[in-house]
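Spelled out, the chains give:
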Amino acid sequence: MLLEVRDLRVEFRARDGVAHAVNGVTCQVDAGETLAVLGESGSGKSVTAQTVMGILDTPPGRITGGEILFRGQDLLKLKEDERRRIRGAEMAMIFQDALSALNPVLTVGDQLGEMFVVHLGTSRKDARARAVELMDRVRIPAAAQRVRDYPHQFSGGMRQRIMIAMALALEPALVIADEPTTALDVTVQAQVMDLLAELQREYRMGLVLITHDLGVVADVADRIAVMYAGRIVESAPVHDLYKAPAHPYTRGLLDSIPRLDLKGRELYAIKGLPPSLTRIPPGCAFHPRCPMARDVCRTDPPPLYEVDEQRGSACHFWRECLDG
Amino acid sequence: MADTTKAGEPTDATPNVSDVRVAEVKSEEQAVAALDEHVDRGEPILQVRNLVKHFPLTQGILIKRQIGAVKAVDGISFDLYQGETLGIVGESGCGKSTVAKLLMNLERATAGEIFYKGQDITKLSGRALKAVRRNIQMIFQDPYTSLNPRMTVGDIIGEPFDIHPEVAPKGDRRRRVKELLDVVGLNPEYINRYPHQFSGGQRQRIGIARGLALNPEVIICDEPVSALDVSVQAQVINLMERLQDEFNLSYIFIAHDLSIVRHISDRVGVMYLGRMAEIGTDEQIYDHPTHPYTQALLSAVPVPDPDAREHRDRIILTGDVPSPANPPSGCRFRTRCWKAQDKCAEETPLLAIPERFKSSDSPAAHESACHFAEEKDVVHAA
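Top to bottom, those sequences are chains A and B.
With the first sequence counted from 1, adding 3 to any position gets you the working numbering.
For the second sequence, position 181 matches number 180 in the working numbering, and the numbering has no gaps at all.
The shape of chain B in the complex, shown without the other chains (with noise of 0.2 angstroms):
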């Protein structure tokens, strides 16, 4: 068994992702020069290389036991390419959020690396963090709950200046601003005003400028449209892509509806219980699964077309998610899988090309973590 591993051991040869070449730095001052160097179109900006996060569970008020763990990504690997968008898709619970906070170092990891430009930044701390920090931004959901209501908008896009001086001078900030407004389709006269003041869609907007406002390579974004209308949704997607293409911007674009992630990204990773379930380009992923999940999910979106209902056909899981506090062992998709042998619940299966189609060069051959990989076209199913 080539590409198997006991379970629980964790994964770690991933043929998928390329090389890390790892920056040779001695100092600080080193650290903070290689972050600076340019990166060329089609290069791996951002190498996540088997991330593990588990958070303690815990009993008892004074004397704390830890009783357990809730592993909410366990030994994830995938890379970011300069300019491009890869997508992340997944129910709740699956992890994807904890990703995004490990890529922004809000969280520290539990075991793994994440390589920005060559250098571990799960490692790094002081001048080289608050660098990297720089070039690594966020968008987040909920354009209510992540702007300060007792801030004007002009703070708010101007905050990052304060803790990154060295890209806006003081005197020079307030014009920042207004720039940032004026790209991201705002008045610029609305500065002095107050968050309340806007809808949510020009809320989002307003969060997207403040991503914007250091010049980062790297915007994370967190379900970004999700808590918008959809009339608006379409709005503040088009913004994005015009933002990437000027600013050669690689997302990460997270987010659980699935149409929208196909229409923005180039890549796209599915995954189920802190793990990669499979990844590829959106047409490998949508046309040609082979993860009896990603089947599974594709096949339960609504079609907005009322005539694809009578011939559709549809694969309705049986059950929840389980606790990612106590998955179940080898395949973490076994329990709900109408596939499932006992090889699922002994060995994990690796995220690799699967062995049948090593040879072909179909666009079935990219990396599906199942066993019983198999390609089923449940998109276009007549």
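Bound conformation, chain A alone (with noise of 0.2 angstroms):
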């Protein structure tokens, strides 16, 4: 298994009390998988992303439990040079805003030359071949010359090439892409994506990708963790989610896409507000929202149970909800 987190949990200090961001995510990524991690604004993926990066600003941030194995050794032990040996190197991150991810008073010959002089080594004048290299094999037309160019001179398409380009350079183990094409228009996305599936064949990488839009889900991933409020609620390879969820809040999701058959009706509409991370509800934190809740579901917080070998789900009732 290249990456195995198990029971993480971080929580942030906050005005009015702690946030608890993280609550227990158990997830595992092998090489050459891509999984999914869905979940709205406030669910804690980003947080979970960036604990396993290291890159988690603590404080405000507090890592106050669980295991971040990665290749068998944990992460959550090794100290900070250590750490910044693996990162860039061996495990590395594709952000969702390019421009503000890039350091706009450097060229990105000079940016992503910088990966191989800090890990690699290498001189300057390489490291340039390189970077023209790099930005060949992410499509950037006329590298050579567009090496020398700074970020606000490229698209939006283009500058998240060259994000991949970054992300990819010392040919990595792990990618974590966090939301990479949420800010491209859809013709552009379509090409972003399909260069990131194709490269991360070719170099076997294990890819986690952090995103709310269900659509980039199924065309890309092969196993999807669907995150609410901190937790992993349900975990199952792609197409048997589609097919039938196991978790009233994926069934939630699922249902309150436009359907073609539906047009004129109603779309189906998860009541209420996804939860305060300060304040999340006791027993399952679905429950509030949830169409399925009984009396249980308020005081006893579901387990991941296990649904079979492969899937598993944070739900009292995950034989009802699959039945439908």
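If you are wondering where the hints come from, they were derived from the structure by calculation, not from laboratory data.
Since the structure is predicted, the reported quantities are computational estimates derived from the model, not experimental observations.
Any given hint could be a false lead.
Stated by the list, open to error - Have a look at the derived ranges for each label pair, beta carbon to beta carbon:
| # | chain 1 | residue 1 | chain 2 | residue 2 | range |
| --- | --- | --- | --- | --- | --- |
| 1 | B | Asn325 | A | Val121 | 35 to 43 angstroms |
| 2 | A | Lys246 | B | Gly318 | 35 to 43 angstroms |
| 3 | A | Val121 | B | Pro148 | 40 to 48 angstroms |
| 4 | A | Gly275 | B | Pro148 | 53 to 61 angstroms |
| 5 | B | Arg192 | A | Gly275 | 16 to 24 angstroms |
| 6 | B | Gln65 | A | Ala34 | 56 to 64 angstroms |
| 7 | B | Gly318 | A | Glu85 | 37 to 45 angstroms |
| 8 | B | Asp141 | A | Arg88 | 35 to 43 angstroms |
| 9 | B | Glu282 | A | Asp129 | 52 to 60 angstroms |
| 10 | A | Gly275 | B | Pro164 | 19 to 27 angstroms |
Even glycine gets a Cβ: it sits at the ideal position worked out from N, Cα and C.
With the hints as a guide, dock the two chains, each given alone in a separate frame, to form the complex.
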């Protein structure tokens, strides 16, 4: 197993109390596999990613428990300089907003080349040549000239390609992409997702794709982990989950997608709002919004029940949900 | 070449839109009175003709010279009928938000006309313009920045009454605001709260209540749900559909999420670089698109069905959208189009029913601005 996260817990000290952002996340990614982490804003998906990468700001954040095993080694037990050697070289991250993730006063060539200079001790001249090669790999036209350009001189799609090039520079084993195409238009999104999938196959990387878009997930993922209020509420192979969700939240999300045969009818809407992380409801966090909620849901937090070998659902009544 | 014009010329013969019945008005009183007239369901309420908006590009600090123009909207025409929803889709930079601002009269059009009940609102001023603005309202994209954080919800929703006191007399306002809160599904007790005390979805409801305050006939929605979480989007869409039935509203629904646009719209227009590429009923556009851009756009949308991914016929466009300051000659889409030929660079294709479909009653017979329009079902491709 390439990456294994076990019972990870992260909290933030906020003015009005402690925000429990991640409450016992357990998931795993194998080499060559794409895991999609699906969730709404505030579900803890980005905090989980930042914690795995080791770029969580502490304080205000605090890791209160759990293990992050990367190739069997617990990252949380490593010293900062040991983690720094792994970060970028063996695991890399692609951010949502390329314009704010890139340094505006350095050319893209310098920023791409820096990866080689810092991690491999390559000379500046060689690093530049490698940068041009990388830009070619992500299909940026006229790479040899554009290597001297600054981030603002590129379009949104091209900037995202540079982000991808930077993440893949040292051929990491694991890439975490946090909403990599959310800021892009659909035709450009298709180009970028295609490129990412192709490079992943080529390098046999493990890919963690964080998104809120059920369409993107269906297009590229092998497995899905659905997050709600800092927990994984359902994890399943992608085909199984779309066919028959085993958690009422997943079911609600799938049902609220506008469908052709339901035009002119009301959309299904999950009632209510996602909970505040400082006041997560007791029992199952989803119970105030759940159409299936019963007394036990208000008091007993459901464990991640095993639905079958590959599936888990954090719902006391997953059997009923699965049957529709 | 009956349905083509030389590159760069404005396109004026658009058979897809109905004739404009220009209202005869001699005085401001008559103009204001004409705006209160009732429009029947199915009659055009808003008619846009050859609308153009160019933003000048200048150089120099003291002595400004115009060195070009961003052609944000470059000659578009369409009708909005009473009680219908017209969806406008397109990628960023295609000019859809500029269209919204022009319809609201927040930007002055460079050329072209917008007829509201037969009067050209781009030429109105004074009381008549004020009366138009009462009838055309807007819902904004970002519910966080479009509400003043220092005003209470009651003041935000009641502010339109300060400008149009004839709609609600002073003593009646609080009652009206509470009514509006109830209509959009918020607790009327919240009238004294501030925007920060609400979630994104609730804020968007406040924005909708403000848009409804003056009993408008047309509401322009610029990406009304794209800032909201998936589970909340459906709630707001349902609310908007309910309000449309209840108050007989006409919507212009601008969005980039194609599945939501299809769900809510009766007709859909596809924009590319300041021009309308294709317009028709939702079925015509989604199931029988004839413009290559529409086909590429539809095929690029991720489908929430993992079984579909193996046998989908995806069209991946190359390159990016060109700059609207320097758009390609002829057909705007030709630089990314796989069908482009010399003709596309020389002649601007008109938005019209393609010649080959003219006599057919197939759903492909709708207006499409392509020389080589041809039907291709990309959504159901198996």
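Hint-by-hint comparison with the structure:
Between asparagine 325 of chain B and valine 121 of chain A the C-beta distance comes to about 39 angstroms, which sits within the given range of 35 to 43 angstroms. The hinted range of 35 to 43 angstroms is satisfied by lysine 246 of chain A and glycine 318 of chain B, whose Cβ atoms lie roughly 37 angstroms apart. The beta-carbon spacing between valine 121 of chain A and proline 148 of chain B, approximately 43 angstroms, falls within the hinted interval of 40 to 48 angstroms. Between glycine 275 of chain A and proline 148 of chain B the Cβ separation comes to about 24 angstroms, which falls outside the hinted range of 53 to 61 angstroms.
The beta-carbon spacing between arginine 192 of chain B and glycine 275 of chain A, approximately 18 angstroms, falls within the hinted interval of 16 to 24 angstroms. Checked against the hint of 56 to 64 angstroms, the C-beta distance between glutamine 65 of chain B and alanine 34 of chain A comes to roughly 58 angstroms, which is consistent with it. For the pair glycine 318 of chain B and glutamate 85 of chain A, the supplied restraint of 37 to 45 angstroms holds, since their beta-carbon distance comes to about 43 angstroms. Aspartate 141 of chain B and arginine 88 of chain A have their C-beta atoms about 41 angstroms apart, which keeps the hinted 35 to 43 angstroms range intact.
Distance hint check for glutamate 282 of chain B and aspartate 129 of chain A: the Cβ-Cβ separation is about 58 angstroms, which falls inside the suggested range of 52 to 60 angstroms. The hinted range of 19 to 27 angstroms is not satisfied by glycine 275 of chain A and proline 164 of chain B, whose Cβ atoms lie roughly 38 angstroms apart.
The structure fails to meet hints 4, 10 from the earlier list, while all remaining hints are met.
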